[in-house]
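If you're matching them up, the sequences are chains D and X in order. Its first residue numbered 1, the first sequence is counted upward by one per residue in the numbering used here. Its first residue numbered 1001, the second sequence is counted upward by one per residue in the numbering used here.
Hints in this document: simulated from the structure, not taken from any laboratory. Do not rely on the hints blindly, as some may be mistaken.
Subject to a maximum C-alpha distance of 35 Å in a straight line, what follows is the list of computed DSBU-like cross-link-like pairs (lysine-lysine) [stated by the list, open to error]: (1) Lys3(D) to Lys1207(X); (2) Lys6(D) to Lys1258(X); (3) Lys1265(X) to Lys3(D); (4) Lys6(D) to Lys1040(X).
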Amino acid sequence: MSKTIKFIQGNEVCVEAALYAGLNFFAGYPITPSTEIAELLSSRLPQIGGRFIQMEDEIASICAIIGASLTGSKVMTATSGPGFSLMQEALGYAIMAEIPSVIVNVQRGGPSTGLPTHVSQGDVNQARWGAHGDHAIITLTASNHQDVFAMTVDAFNLAETYRTPVILLFDEVVGHMRERVVIPEKGEHALVERLRTAVKSGVDYHPYLPREDGRLPMSDFGGVHRYNVTGLAHDMWGFPSDNPQVVHGLMRHLIDKIQNNAAEIARTREYYLEDADCILISYGSSARSSLHVVENRRKRGERIGLLELQTLWPFPDHIVRERCRRAQTIVVVEMNMGQVLQQVKLAVDRPERVFLANRMDGVFINPTDIRNILRLIQGKGI
Amino acid sequence: MPIKDYIRERFFPHMWCPGCGHGVVLNAMLRAIENLGLNKNDIVMVSGIGCSSRISGYVDFHTLHTVHGRALAFATGVKMSRPELHLIVPMGDGDALAIGGNHFIHAARRNIDMTAVVMNNRIYGMTGGQYSPLSGYGISATTAPYGNIDQGFDIVELAKAAGATFVARTTTYHVQQTADILQEAVLHKGFSVVEVMSQCPTYFGRKNKEGGAVEMMKRMKEMTTPIGSKAKEAHPELIERGVFVRKELPEYCSEYNKIIERAQKDVMRKGL
């Protein structure tokens, strides 16, 4: 069978993957470096009978996709730092009301307007804790275009499986870089479709009563079940409640459905870890430079490996702990002040062996940067 | 169908204060829907945050109680993906025009087919009586202890300027007119705005010594007049009520269907 091979930007790969996963509604607002996603979808979605709308801001964009998702559509929006900040309230709404949705953040330098056209990975903690209140969230990332495709499809699948918003945390380098990607054939990458209730018309449907497996079958707006959806704490009917028992149950459900499935949600790539004394941990575009360093040093006989994280939240601490057990040195490579570093320190047995190799000046961290920091850590000087 | 077939009795009694005007709006809205004979499965009510927005919980439609000010943005997503559904979006004055002002003007500009009902009691009721963009100059509120210096909006003028294709104003005193106007607004193809002047005796009435609900409703009768009435000529300070705008312009979802046709023709011609 002939494969579809393309040489395109990461943002374009994200579009191809989203359409592959069944995206049929997108709302967005222009913002660098994510705009190609909106541009491309404005052309592609109507071709398949889907719908694209450019809203008045990012707040309206995420609100619109939540509304569309409730009618049964697969939905996405795409933005960058400032827009992602604006989306936080409605992101919390999607968590609370359990609305399947995908939010792409192609990261640029921050805070504030920051560095619109330059790379950063500074939104890792915002993805986790940007929305107020206790909650759990799923966040995926990727370092290369084949994985951008896979993670984007997975984001839609996880959104449906867990009835939750999923954040795709890409960065400017991955978003704008051109690279070869093979578009899988239909059926090659499994898709998760919406779980809809089997409850018949005229029979009480409880939109927020989890099944035994924790999943909540949905009913499309416009269908035979009329129910209430709210961002207030709510009971199984979706009606506001401040009954402590109801609220406790709701909170446990929202957090447990994700935290208890952290192993299922965890996605990583491992390179040369079997005998590694020194382990680099990285993600997104900085994992590319990390892999370059690891492969060069392997050629010289050094026992060095790379653990690339694709799931950032829930943080795959069990994998990090297990893989780093016998490592003498662990170096987290990222383009921020150590947002994943903190998680790694919490996860491993000996946090004093965890170091940071970073840049946060808008310049892509290259192998020489990492090599220089490694020499310092290893006491070899620059 | 009797009114009780349109409400979720399970969730009553409602949480509005005695004398609140919002119950009158709910009643008029259900009368309008009953008169139109719409199927309950075809109605989606989307609301924001505030006293008025709790209306969505009480009605037996598809109901979406969203975040403060953004009801129209959520409703836009629902309508775009299911254009055949009827969207009714009840909002408070602060909800629609302070925090939600941007969404309000842009939904009007797009002329997307939905009915925005602004239940205007000129105050933030749920948070305890702070001034809203509709309070107007000189009003007392819990955040305007020395009198409000903010000028108020005129919802009708704002909606007209923003491009709404159906714009009307009525009051909770004029309950039959409210039902009639809502009925026409729901039928109208395009973005319709209905301002319903409503009373908040608990905060606005008390703070501004306007008396209880009955006095406040009488006041609304006295301070308003039908559009173009002789009374308006003699007393220009009277607020006009009735339908101000009723016009046909391309509706957003219909226009988008044409985009889909164009895009699909393109694909047929050139391939994907």
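Now for the hints, and whether the structure bears them out:
1. Lys3(D) to Lys1207(X): Given that 35 Å is the threshold and the Cα spacing comes to 72 Å, the pair is violated.
2. Lys6(D) to Lys1258(X): Status holds; Cα separation ~30 Å.
3. Lys1265(X) to Lys3(D): Between Lys1265(X) and Lys3(D) the Cα gap is close to 26 Å, so the pair holds against 35 Å.
4. Lys6(D) to Lys1040(X): The given pair, whose Cα atoms are some 48 Å apart, is violated under the 35 Å limit.
Violation of the numbered hints given earlier is confined to hints 1 and 4; the remaining hints are satisfied by the structure.
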